[in-house]
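Read off the chains here:
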Amino acid sequence: MKHVLSVLVNNSSGVLSHVTSLFTRRGYNIDSLSVAETENRGISIITMVVDEDRSMVAQIEKQLYKLMDVISIENLSNTDSLERELVLITIKASREKREEILSLVDVFKAHIVDMSEKAVMIELNGNPRRIRTFIQAMTEYGIIRMARTGTVSLPFPSAEE
Amino acid sequence: MEKDSKKKTSAKVMIDLLKKNGVDICWGYPGGAILPFYDEMYHSDIHHVLVRHEQGAAFAANGYARATGKLGVAIATSGPGATNLFTGIADAKIDSIPVMFITGQVGTKDIGTDAFQESDTYGMTIPITKYNALIKDPDDVARITQEAVSVALARRQGATLVDFPKDVQATTTEVDEPGEFHLQEYHYKNPPITGQLDRLIDALNRSSRPLLYIGGGIISAEVSKELREIVEKANIPVTSTLMGLGAFPGQHDLFLGMLGMHGTGYANKAVMECDLIVSLGARFDDRVAGDTDEFASQAIRAQVEIDSAEIEKRVHVDIHVQGHLAEIMPLLNKGIKKASREQWVSRIQTLKEENPMVFNRVEGIIKPQYLIHRLSERTGGNAVIATDVGLHQMWAAQYYTINKPRNWLTSGGLGAMGFGLPAALGAKMGRPDDDVYLITGDGSFQMNIQELATLKMYNIPVKIILFHNGFLGMVRQWQELFYGERYSSSVLTDCNPDFVKVSEAYGIAAKRISKTDEIEEGLDFLMNSKEACLLEVMIPEAEKVYPMIPSGHRYEDMISFDPKSEEGETFSVIPHKSGDRK
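Line by line, the protein sequences are chains A and B.
129 is the number of the first residue of the first sequence in my numbering; add one for each residue after it.
138 is the number of the first residue of the second sequence in my numbering; add one for each residue after it.
Hints were generated in silico from the structure; no laboratory data involved.
Accuracy of the hints is not assured; some may be wrong.
[Stated by the list, open to error] If you only want the chain B side, here are some residues facing chain A, beta carbon under 10 Å, derived:
1. 264
2. 267
3. 268
The C-beta atom is built at its ideal place from N, Cα and C for all residues, glycine as well.
With the hints as extra help, turn the sequences into a complete structure.
Here it is, written out as structure tokens:
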């Protein structure tokens, strides 16, 4: 099962090495990892999606707590939370296919952000399932380049109160 | 360069702070990138011991920490100096021994340029330290030093490392107090007691066949006294991991010796017969619980542990308590009721009588088990024993009856050959009034043999017993039993040096024995010597360690020594028993 872990860490130069080293060393499977500063420049937030069973995830959380730079860990899969991901994707788009692609972009509520003779670049944000489905749909036109942010997530404030 | 009188160099700030933390000895090896630090050491009254290889420094600091309970400190230069420390760092981490490592690093401007003797020490030591840091700002030196000291000694102890660039070492700073840590408090303060302590106490009071399974945590928490009180009050037998030996008196009638792969027959049978097994400061590792589902599966399994990540890591437990044993043991003691448990205690004695340690004695040939048994008898089980890794290590664990905590120094988790000689050196320097023996083998000894020079240089009277079987014996045993007697690269016979001559070349008196009637004389030689000395003991190449539970197997699959399988007169002994010692 996939678990979304939201980890607050000190924004130190070695923190990412410590986290990834732990995953390599203990052989945990990591689906995605996103890191950025929080409102406090000294603190970063790491959102990671791990595909492991519950007991393994408990073990991962405990091991993470042993890292000096980790401040807190929250398993968002246990709470009512919003998950979002952004994908930028450039696909082949010949004149004949453009209409079809545009209508798909519409269906997914994505945006065309750039276009050339042979290709279009599309931006989509949404929940990870929607992103996956969209990428699947784009595959048949031929993906030239693609970049994903990985999942970020926060609990709904209304659910927390 | 003129020094501002108010300012100190970063190196001096670190040294002064170490001193303030009670560090009065360290082991190391200088080199280019650590020279400003060594220049300040020149003026310091911290005793610096020059080893002959950085790994020796790491293990000496490690042996010192194990034997004294104090922080061990080891120093090396950048690049190869640092990488040579790594085995010792990994050893301190996995066995939870408080050691701080200080490494030189190339100047901050050169970091990342593949400079001469540059290595990414910080990056490479992430998985083998509890805490590590690269100091970039002289104003951070005091804080980082204190963090490294405090974290090494706090909670589950372990290795910390500070990587110290050459230019930073020489730069002056006004900040010589640590100030506020940049760490969450729980990294250096004891955790609160959580879990099911009341349930554990209740289970212990109700149990008719309880068994305590103790580990190194008892030693680092210094709770041997409380343990003994509990055991004697409630008549609960005790078995120990390799790391826990000495935490409970070896000669005690309620002690069963080591459990697991090379545990005693009686300990392993008690594990199979108990109705409650309580782990105290141990971690159900693969040498103890090879088959995780079957391990003591008839019993309620309980675990008391400081590191919550160890709970449920390999083995499912029914009751768990998290916290520091120093705080938990008095509560356990208070909650546990007096009980005689006559049936179980008498069953334990029967198990001992029915499953003694056995080997065959052959006229003229020295059996290592017998020699260790005699050493144990003649020293009353009160010497400090350091070992290397292999057959000799297991024989020592089985036949030397360790009676006191911190008297048993062995590389348990990492199983690092080469540990013994420098660890014995460090231990003897920390405890000059106690007799320190090294029990080693002809394979392990050659991994850090150069430290004989350090023994000689500082005149450290370690007593060395070197078992010579011409093989990497533990490898040979597995090859004989599981690899069709194909001794692939485990033979040393034709290329071993003359160890007596080697020892003498280093200025250390040595003697070789090969016959049974020389054993007592050989032990006399060691026991009477006031200086470092070495006894080389020639033993048969095929001598093996028994009992043995093959890797990953259940306790039921234990292989015991079959006296009929080889010639000689069967000798049996119960090392864990009161009353039969002179």
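Non-conforming hints, listed in increasing numerical order: none
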